Amino acid sequence: MNRALLVVGLLLAAGLVASTSSAKVVNENTDDLPPGCEEISEEVTYTVRGGSEPARGMDGVAFTFDERSFEVPACAEVTVTFVNTDPIRHQFMVHGTYPDGSTLIELPGEGEDTATWIAPSTPASLMVHCGVNQHQQKGMKAQFLVAGGEGDVPNVPGISGLPPEDRHDAHAHGEETADDRPAPGPGALLALLGAAVAVGLRGNA
Amino acid sequence: MASMLRRVPLLAVLALALTAMAAVAAVGGERGSGGAWDPPQTEETPTPRPEPACPDRHPDWRAAQTVMGVEVQADPQCQPDNPELVASFVKGTNNVNQTTLDDLALHEEAVEKCCDRDGDGDPDVINITIEALEINGFHLESDDLASPYHIAPGIHPTFWTFAPKSTIDHAGEAFRDIARQPSPPMRVEVGDEVHLTLENTHYFPHTVHLHGVDHAFQDEDGEGNDGVPDVSEAPIRPGEERTYEFTPRQAGTMFYHCHVQPDVHVAMGLTGILRVEEERDNNTVQTFNPGAGLVRHPAEGVSEDHDRQYDYHYQNVDKQLHEIPQQRNDPRELAREMHRTYDSTERDADYFLLNGRSFPYTARESNIVIDEGESALVHMVSGGEDTHSIHTHGHKPTIVAKDGVPLEEPVQRDVFTMTAAQRLDIVINATNNGLDSYGPGTWFMHDHREEATTTDGINPGGDISMVVYEDRMNETTAMPEHAGSWDLLFTDEYYEGEIPVFADLGMPWIHGDVANASDEDEDRSTLPVATGPVVGLSLLAAGLAHTRTRGGERS
Ligand SMILES: [Cu+2]
Ligand SMILES: [Cu+2]
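Chains A and B, in that order, give the protein sequences. In terms of this note's numbering, the first sequence has 179 at position 179, counting the first letter as 1, and numbering is strictly consecutive. Convert by adding 1000 to the 1-based position in the second sequence; the result is the number in this note's numbering.
Heads up, a few of these hints could be off.
[As the list claims (entries may be wrong)] If the Cβ cut is set under 8 Å, some of the chain B residues that face chain A in the computed set are:
hint	residue
1	E1199
2	Y1203
3	G1239
4	T1243
[Said to hold, decoys possible] If you want the footprint, here are the derived chain A segments under chain B, 3+ residues with CB under 8 Å:
hint	segment
5	22 to 30
6	36 to 43
7	49 to 55
8	85 to 91
9	98 to 110
10	124 to 134
Just so you know, these hints were derived from the structure itself, not from any lab. Since the model is a prediction, treat every value here as computed from it, not as a measurement. All C-beta atoms, glycine included, are put in the ideal place defined by N, C-alpha and C.
Next comes chain A alone, as it looks inside the complex (with noise of 0.2 Å):
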């Protein structure tokens, strides 16, 4: 066997087992002051915990961030440190940044990073959410409220609409309502039975 070509096998081998899943952090700004900020009116921090562990113990929700709702000051500069706690590809994506309209934290697995935005001068409410696909459906939704806000994101879990509050399913949890399930009643196997008859005869026709 060639001498040289198994160095380089053995080295790219182990540059396969070194190499770690790298993170991407698209649109950071933090020297770019958005309209109507003179300057960085405060310096704020946070570190979010995003993926199926913050999930746990959740009715019907698959993925999510552990804090959901976090309210800046106009002009504040916001740093995000990001920790996936999955071996999965999660991202923590804030829409309605300036002055590329989103930034975003991708990890492709396991880890840490972080990003760094200005919010606007103004009230606004800008949406966080996971891109993969149904994470934000499944969960992996929140919110910024920029000097208050102008109302909640919708279906953020426990702020705006998702499980557990909203969407509470009573037939998941072994219960039945009156209103929700009602027995199939001999008057219900009537009225099939009626509409049987109706799609014989149409058949028929």
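Position chain B with the ligands against the provided structure of chain A, taking the given hints into account.
Frame of chain A, contents of chain B with the ligands only:
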């Protein structure tokens, strides 16, 4: 539908009531006052605006080219695979620069290749990372799907798919090329040390079972390696990952699929071809073939005897199952509706896919293009649970292997029967001798279970494709030459059943006014049509009264 009857909920009763009332309203409305009846006007037939038969997204992708030092075969069809994507899957994503990976929405871990251990000029340690994810799923803030994946005009059922590990898609187009149906054919070489990692980004548990692929029951650490939940191992939960290990000793066309609740998970799309290629020198294989179809960098062992290599993945789709994830969001409700309320013993397919699409979209990317005198090796699988009877017009191809095992005596046929999970390797020999081939043409290739040539009962649709001789591939349109017009097939209205049946042949109204015909028919059935719902409604009223009483007692 019968599965709905398991628990006769109020909803079903209400739905029946509404149906019955709608039927009465329809009959009453059409008859109008005093029994006078105005036939609908022909103008009411919609004027469909066809989408382009070929969107012509990237004409430059079609030519044969060398990309990053990788030879990529020509694919003259409308929607070929991106040559950069093909080249990245050959080189290994660990050997491609970050800018290219970003353009392709690929993560560098998708396919890592290294270590020519036997000095034969190709890498022998292969790390593959796939994600399980949902496409065409629930959308929170509107009824629109975020980035719909269409199988035919206007049709976008939800699927679950395995896909090469991806990253954020800045341009918003590349991700759709890798996260689609079917789960991508994967290729490795005999003797490769393969580490296949599933990262479960989906909200249900999944596994990978390596069907027909030589693999140990447990890996070196004693962990389950067969992918069968609670037999070999626990399923991989949402947010978890697991690596399967195999070093295959036998070549052949194999299969991989999720083995969690397989009556639903296989149907939802978590199945793909896994092709173990024979060992050759300098045989760096194309690890993924997204969307199946032509392998633009065929394996060395195949190129020796054949001019082209194709992956052909057939699927059947029961829309009742594939609509559930668009109707509900809560994972608990989804689990209940998909695994309990939905009854797979009542399954009845509505859509039939070849390489993730139905005709006419198959005509954009899943033809077998061949030149006179050439030979094509086609790896076919029934990836759902249907049995297929695939007929190749104009040819009698030869079956050379079944389920990854070469046949000692190859058989020549014109119908190829494949039951669920079965693989056939067939050779299409384009020698015009009256047996192998009857000569050049645009030869139909279709399932002779004729329902599979429809899309929800509308023909032509389903898993139709064509064997197209190269001189019949129109260079301008990038579509196969054909008689008549396909324009009406490229409309949502066609598959909504709104285009009269023979209009697609350029013969509208061949029997006179189509609109009048259907209503004449209903006229004759006035009495039974009206009587049915009336009887149903009276009984329904009694039923509802009774149900309400019961409900009151319970609260
Ligand atoms: Cu996520
Ligand atoms: Cu599964």
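Here's how the hints hold up against the structure:
Proximity of E1199/B to chain A holds as hinted, the smallest CB-CB distance being about 4 Å (cut-off 8 Å). Annotation: Y1203/B was flagged as interfacial toward chain A, and the flag holds, the nearest CB pair being 4 Å apart, inside 8 Å. Of the supplied interface hints, the one on G1239/B holds, with its beta-carbon coming within about 3 Å of a beta-carbon of chain A, less than 8 Å. Checking T1243/B against chain A by beta carbon gives a least distance of about 10 Å; that is not within 8 Å, so the hint is violated.
Under the rule that three or more residues need a Cβ within less than 8 Å of chain B, the assignment of the segment 22 to 30 of chain A holds, with 3 such residues. With 0 residues having a beta carbon nearer than 8 Å to a beta carbon of chain B, the segment 36 to 43 of chain A misses the requirement of three or more and the stated coverage is violated. A stretch counts as covered by a chain when three or more of its residues have a beta carbon under 8 Å from one of that chain; for the segment 49 to 55 of chain A and chain B the count is 3, and the coverage holds. Three residues within the 8 Å Cβ limit are the bar, and the segment 85 to 91 of chain A against chain B gives 6, so the coverage statement holds.
Residues of the segment 98 to 110 of chain A lying with their CB closer than 8 Å to a CB of chain B number 4, which satisfies the three-residue condition for coverage. Three residues within the 8 Å Cβ limit are the bar, and the segment 124 to 134 of chain A against chain B gives 4, so the coverage statement holds.
Hint compliance for this structure: hints 4, 6 are not met, and every other hint is.
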